[in-house]
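K.L.:
The residues making up each chain are set out below.
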Amino acid sequence: MFDKDMQIRGKYATYWKALTQLPGNANDTSSNTFKVFENYIYVYMVAPIIGLLHGKRAQYDPADDSKDTAGMLAEIQIKNAAKLKYIYRLIILTDDSQGLTNEEKINWAFREDDNEDSVKRGMELYTSYFFGGLEILYNEFVNECITDDDYVRKMYEIVSEFKDEQNIDDLTVDVEALLRS
Amino acid sequence: MLIKRLILKNFRQYIGEQKIDFSTDREKNVTVLIGVNTSGKTTLIRAFEWILYNKNDFDDKNLLNKNVADGMQMGETQAVRGNLIIEHEGVEYEIIREQIYTCTGSNVRPSVSKAYINYLQPDGQTRTQIGSDFDTNIERILPRALSSYFFFGGERVGAISSREDIEASVKGLMGLDVLSNAMSHLRTVINKLKKSMDFSGDENANRAQKKLDGATKQLQECEDELETVSGQVEYYQEEKEKYAALLRANEETAAAQHRREQLDDVIKNLETRIEKDKKELISAFSRNSFAFFSLPLLKSAVQMLNEASDDTESVPEMTAASIDYILRRHRCICGTLISDGSAAEQNLLQEKAKQPPESIGSLVRRYREQAMEYISSSDDYYDIIEDKFSTLRNDQRELGFRIDERSALDESLKGAKDVAFLERQYQNAETRLKEFEQNKTTLLQSIGSCKKDIANYEKALESYGKANEKNARIALNVAYAQATFDWVAEAYKSRESSVRSRLEKKVNANFSRMYHGNRTIAIDEKYRVKYLDVTTEESDGLKAVKSFAFVSGLVDLAKEALTSDKSREADMGPQYYPLVMDAPFSNVDETHIRNISQILPASAEQVIIAVMQKDWEPASEIMAPVVGKSYQIEKQLDQDGEEIDTISYIR
Numbered sequence: 001m002f003d004k005d006m007q008i009r010g011k012y013a014t015y016w017k018a019l020t021q022l023p024g025n026a027n028d029t030s031s032n033t034f035k036v037f038e039n040y041i042y043v044y045m046v047a048p049i050i051g052l053l054h055g056k057r058a059q060y061d062p063a064d065d066s067k068d069t070a071g072m073l074a075e076i077q078i079k080n081a082a083k084l085k086y087i088y089r090l091i092i093l094t095d096d097s098q099g100l101t102n103e104e105k106i107n108w109a110f111r112e113d114d115n116e117d118s119v120k121r122g123m124e125l126y127t128s129y130f131f132g133g134l135e136i137l138y139n140e141f142v143n144e145c146i147t148d149d150d151y152v153r154k155m156y157e158i159v160s161e162f163k164d165e166q167n168i169d170d171l172t173v174d175v176e177a178l179l180r181s
Numbered sequence: 001m002l003i004k005r006l007i008l009k010n011f012r013q014y015i016g017e018q019k020i021d022f023s024t025d026r027e028k029n030v031t032v033l034i035g036v037n038t039s040g041k042t043t044l045i046r047a048f049e050w051i052l053y054n055k056n057d058f059d060d061k062n063l064l065n066k067n068v069a070d071g072m073q074m075g076e077t078q079a080v081r082g083n084l085i086i087e088h089e090g091v092e093y094e095i096i097r098e099q100i101y102t103c104t105g106s107n108v109r110p111s112v113s114k115a116y117i118n119y120l121q122p123d124g125q126t127r128t129q130i131g132s133d134f135d136t137n138i139e140r141i142l143p144r145a146l147s148s149y150f151f152f153g154g155e156r157v158g159a160i161s162s163r164e165d166i167e168a169s170v171k172g173l174m175g176l177d178v179l180s181n182a183m184s185h186l187r188t189v190i191n192k193l194k195k196s197m198d199f200s201g202d203e204n205a206n207r208a209q210k211k212l213d214g215a216t217k218q219l220q221e222c223e224d225e226l227e228t229v230s231g232q233v234e235y236y237q238e239e240k241e242k243y244a245a246l247l248r249a250n251e252e253t254a255a256a257q258h259r260r261e262q263l264d265d266v267i268k269n270l271e272t273r274i275e276k277d278k279k280e281l282i283s284a285f286s287r288n289s290f291a292f293f294s295l296p297l298l299k300s301a302v303q304m305l306n307e308a309s310d311d312t313e314s315v316p317e318m319t320a321a322s323i324d325y326i327l328r329r330h331r332c333i334c335g336t337l338i339s340d341g342s343a344a345e346q347n348l349l350q351e352k353a354k355q356p357p358e359s360i361g362s363l364v365r366r367y368r369e370q371a372m373e374y375i376s377s378s379d380d381y382y383d384i385i386e387d388k389f390s391t392l393r394n395d396q397r398e399l400g401f402r403i404d405e406r407s408a409l410d411e412s413l414k415g416a417k418d419v420a421f422l423e424r425q426y427q428n429a430e431t432r433l434k435e436f437e438q439n440k441t442t443l444l445q446s447i448g449s450c451k452k453d454i455a456n457y458e459k460a461l462e463s464y465g466k467a468n469e470k471n472a473r474i475a476l477n478v479a480y481a482q483a484t485f486d487w488v489a490e491a492y493k494s495r496e497s498s499v500r501s502r503l504e505k506k507v508n509a510n511f512s513r514m515y516h517g518n519r520t521i522a523i524d525e526k527y528r529v530k531y532l533d534v535t536t537e538e539s540d541g542l543k544a545v546k547s548f549a550f551v552s553g554l555v556d557l558a559k560e561a562l563t564s565d566k567s568r569e570a571d572m573g574p575q576y577y578p579l580v581m582d583a584p585f586s587n588v589d590e591t592h593i594r595n596i597s598q599i600l601p602a603s604a605e606q607v608i609i610a611v612m613q614k615d616w617e618p619a620s621e622i623m624a625p626v627v628g629k630s631y632q633i634e635k636q637l638d639q640d641g642e643e644i645d646t647i648s649y650i651r
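Residue numbers (my numbering), protein chains in the order written: chain E, 1 to 181; chain V, 1 to 651.
Next up, chain E with everything else stripped away, as it sits in the complex (with noise of 0.2 Å):
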């Protein structure tokens, strides 16, 4: 997993590329200016996150009949290959979509990177939950914002509310006493 060219079409292309500062000579097919990422691997990365945390997941529409596709090359995903497992892991381990128990989820998570269709199942997972994030950034920012300032305004919100809803200074706390125990 995480080691061949990846593509993905249709509106989450367009998406991604909304969300994405491109290289200059990339085909920009989204309407927005400001990208509030810096590469697609962060979003790639951080998308299934926040669909997960938004319980949201999301397939391919096939009522879509864009053409727009994006992706990524072999190269990029195998250098951000022990977080990219990182997160899939945990995915696997927090998502309850899947109606298993919590010995299933570690299973499937440890014990099965070796067996194809474990992985193949994996990965659809995190593709959906990659397309929810998706859609949800899109939301919040593509759909909301109109100026610079706008989505500035827009990236320190979410992350300071994020930081609020979660209380995160004592959660990392105790996150990290959980991990030394």
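Since the hints were derived computationally from the structure, they do not count as laboratory data. Careful: at least some of the hints might be erroneous.
[Unchecked claim] If you want a taste of the chain V side facing chain E, the calculated C-beta under 8 Å gives, among others:
1. A115
2. I117
3. K278
4. L281
5. I282
6. S286
7. S289
8. F293
9. S294
10. L295
11. P296
12. N306
13. I385
14. L392
15. E525
We put the beta carbon where it would ideally sit given N, CA and C, even for glycine.
Using the hints provided, position chain V relative to the given structure of chain E.
P.N.:
For chain V alone, kept in the frame of chain E given last:
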């Protein structure tokens, strides 16, 4: 000179013979001609100029009344005539100009105009025609160059005091030209005399003469050049003063413009900085975002892992594949041989069971280590975002302030002079001035050495000349001529400077009485009128007031010109001049009209004003007691009561 009467015949709209008697009363010396627009006020003034100088400034050069011309038969002739009766130095003259128009059928053609002067014999009855040249006699009575000061229209008033050719005219009026003509005549005489000396046969004298001629020529060239260079020096001096004054007046603007330039830089820098701030914010937002947002998920994942923990001790980084490899080669990494069914083999198989996939203990441990690492890397995620965000906000606020400041400056600088341009002009004037002053110094040195050479050669020639009787006589004549020249030159010099300072005093006195602002004027060596405080804007009204002050000062001075110096015999009697003005008040406000009305009749011997009713009203409040004669210029009405433009009557 006093103007007694003007008779016009068929001159433009003045059909038939029409006559104006002007007031010659010393007290009531004003004659007013009141008329509406296009009734012929300007035509009257131009009639004077036609009679005296054959000057025809009309767009349509035809002087014959249009209605008369239209009624002419083939071969018929009609005369246009002007008679001007004046008194000059106690003698009455009649100046007559006549032009005959002949109808050729389709056209009416004028002949060349004829003019002559009669003077009245002391018996008061007989008029005798003066035989000599008409123009020369007129020049004697009222020189043409000066006429524009005494016959002028409202639109020309403002231009009078800044005219370039004013110097010659003023010198003429003040009698200075007589002296200056005498000086140039004497110079010619001296040169002629010197040239007539005969040095033939005297080689030394010839050589000296040649050198003298060369030096004289060189001197002349240097003096010509000096005149040009002095003109340049004067020009750039004025330019420098003008721009210095403008710069002083625009000091605040300069500061504002400087600040605006600074702001342009500040704003540009801020804009660049804001772009950088955004980039940094985006970068901070992107990196480690996954770790930050995944914290809540991580908590439940770690809890789950802790509960299910089958954490067993294991060699770090060991994998099942490594153990399989050791089992296959039957030798441990410590060298122990591993045979099938041995205790060592059992230990290794137990160790293998701790490794994934049988045991995930080490994988989970690694996972936890990763999590720990990501948490610490996202620890300051929020702080960095907040910091970048507030930096961006501060820079944006600052940009807003600076843009407001610049807009306010833009507003205040609207229509302001470009100070940088003024500065460049000033620098340029200063540089050029220095160059020309340097030239001037060099020229003056050359002139000095030429003069010294000339004096030496002349001395030498004089000594050679004395050897010859004829030459000695010429040398004596030269000495007489030179002495006369020196005497005239001295008189000229003292007269000239006294004329200027007296004129300046008079003009200023009149100006301060006419002008209700606070300004002082000066007369420069070219007799141009200037303000002492350099100003940039001057309204037409102010120009007119300045000119009135100048003209009234001029006639005032002429009256007393050469009678004040009692120690000497007066070489020129007082000169009296009339002022004939057409619509003089058209650019001037009522306060100034009143002030001017006070002064003009007091300065001039005789004042003739052609004016519109509305301009006359404020003036008449002041002038009424000194008005001797008053006329209306009226247009003829047709049967429908409409005014006819081509026929006017003086009533």
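K.L.:
Output the numbers, in ascending order, of every earlier hint that fails for this structure.
P.N.:
1, 2 and 15
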